[in-house]
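Please model the entire structure based on the sequences and the hints provided.
In the working numbering, the protein residues as written are 4 to 301.
Hints were generated in silico from the structure; no laboratory data involved.
Heads up, some of the hints might be wrong.
As the list claims (entries may be wrong) - Pairs of lysine-lysine residues, derived as DSSO-like cross-links and limited to a Cα-Cα distance of at most 27 angstroms, are as follows:
1) K89 x K126
2) K209 x K254
3) K13 x K66
4) K35 x K112
5) K193 x K210
6) K263 x K283
7) K209 x K192
8) K65 x K89
9) K181 x K210
10) K17 x K89
To be verified - FRET-style restraints, in silico, Cβ to Cβ:
11) I122 x E223: 11 to 21 angstroms
12) K216 x S106: 44 to 54 angstroms
13) K133 x D214: 38 to 48 angstroms
14) K192 x E62: 24 to 34 angstroms
In this text the structure is predicted, and so the values were computed from the model without any measurement.
C-beta atoms are modelled at their ideal positions from N, C-alpha and C, and glycine is treated no differently.
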Amino acid sequence: MKKDFKKRIKLTQKDYDRMWGEVGPYSQVNIKEQIRILDDSISRVFLVVEAEINPFTFEYVKKGREQFINDEAVLQLLDYAEYRGKFGYVVGAGEVELSDEESRKFAKKQADATTRTLIRMHKFVMEELKLRKENKFGVIKDEGPLVWNDKMGSIEVDSELWDSETLIGGPAGILNNKMRYYIVLAHSKKFTFKSASARIFAVTLKKISTDFKIDVEECESFMEYALMTVLIPFDIAPSDFIDTVINESNKENNIPIFQKDYFMTNVKRPTPEQITTFLKQLPLDKDIQMKGKEVNHH
4 MKKDFKKRIK LTQKDYDRMW GEVGPYSQVN IKEQIRILDD SISRVFLVVE AEINPFTFEY
64 VKKGREQFIN DEAVLQLLDY AEYRGKFGYV VGAGEVELSD EESRKFAKKQ ADATTRTLIR
124 MHKFVMEELK LRKENKFGVI KDEGPLVWND KMGSIEVDSE LWDSETLIGG PAGILNNKMR
184 YYIVLAHSKK FTFKSASARI FAVTLKKIST DFKIDVEECE SFMEYALMTV LIPFDIAPSD
244 FIDTVINESN KENNIPIFQK DYFMTNVKRP TPEQITTFLK QLPLDKDIQM KGKEVNHH
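Next up, the structure:
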C-alpha cells in the first residue's frame with residue numbers, strides 16, 4: 004500500500020507553495036500568552052500551545068496515516084486539527100493557567116512534544132518524496148550555497164560562502180575594535196524568499212560587508228524577515244551599511260526584497276516579541292520608502 008500511495012503523488016509548484024518552506028515543508032509551534040477578560044477586568048492569564056501545520060504535509064500524512072498506526076501523537080493531531088486558511092491546519096497542544104514557573108515548564112514540555120511530532124511528519128514527507136539533503140534540501144548546487152535548517156525551518160547561507168576574514172564569532176559586545184549589532188530587515192509586501200533571491204541577498208551581503216570591513220557572524224532568513232548579527236567598526240555608521248545592503252539587494256531582484264524600515268540594537272539579540280512588535284508597526288504599504296529605525300543605539 005505504501006508503494007501505491009507514493010505513485011499517486013506528482014509534485015507541482017503549487018504543492019511546494021503549500022509546503023510553505025518553498026524548498027520543503029515548514030510548520031510552526033506557538034506558545035501564546037492569552038489574557039482572558041471578563042466584563043471590565045482581566046479574569047485569568049493562560050499559556051496556550053498551538054501548532055500550525057502546512058497544508059501539504061498535513062494532507063499528505065493524512066492520506067498515508069496507515070504508516071503512523073503506532074504513532075498516537077500523529078494520529079491525534081490528524082483527528083483534531085482544523086483548517087484555518089492562511090494558518091494552515093491548526094491544533095491545540097495544551098493550555099495552562101499562568102501562575103508560576105511550573106506553568107511555563109508545562110507549556111514548554113507540550114511545545115517540545117508537538118515539535119517532535121511535526122518533525123516526524125516532515126521527515127515522512129521528505130522520505131516519501133525523496134526531498135533529501137542531496138536533493139531539494141541542503142546546498143542548492145545550481146542556485147548557490149544555501150542550506151535548509153531542519154531545526155529552524157528556514158533557508159540559511161552556507162558558512163562556506165564566507166571566508167575567514169568575514170565570518171567570526173565571539174560572546175562580547177565589542178570584538179577587534181568592532182561593535183556587535185543585531186539587525187532585522189523586513190521583507191517587502193510582495194516578496195517571497197525563494198532560493199534565487201536568497202542567493203542574491205547572500206552574495207550582496209558578502210560583497211558589501213567586505214567593502215565596509217564588517218564581520219558577519221550570523222545571518223538567518225524567515226518568512227517575514229531576515230536577522231543579521233554583525234560586527235561594525237567604530238568609524239562606520241551602521242545606517243550606511245544597512246541602507247547599502249537594502250538598496251543593493253533590492254536592485255538585484257525583480258521584486259524588492261526588503262523594506263526601507265529596519266530594526267537595530269547593540270544591546271542584545273532581539274526577542275521574538277520585539278521582532279513581532281516591529282513588524283506590526285510597519286505601514287500597510289510595505290514598499291513605502293522610510294528611514295531606518297535605530298533602537299538602543301549608543
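When the structure is checked against the list of hints, which entries are broken? Sort them ascending. Those not satisfied: there are none.
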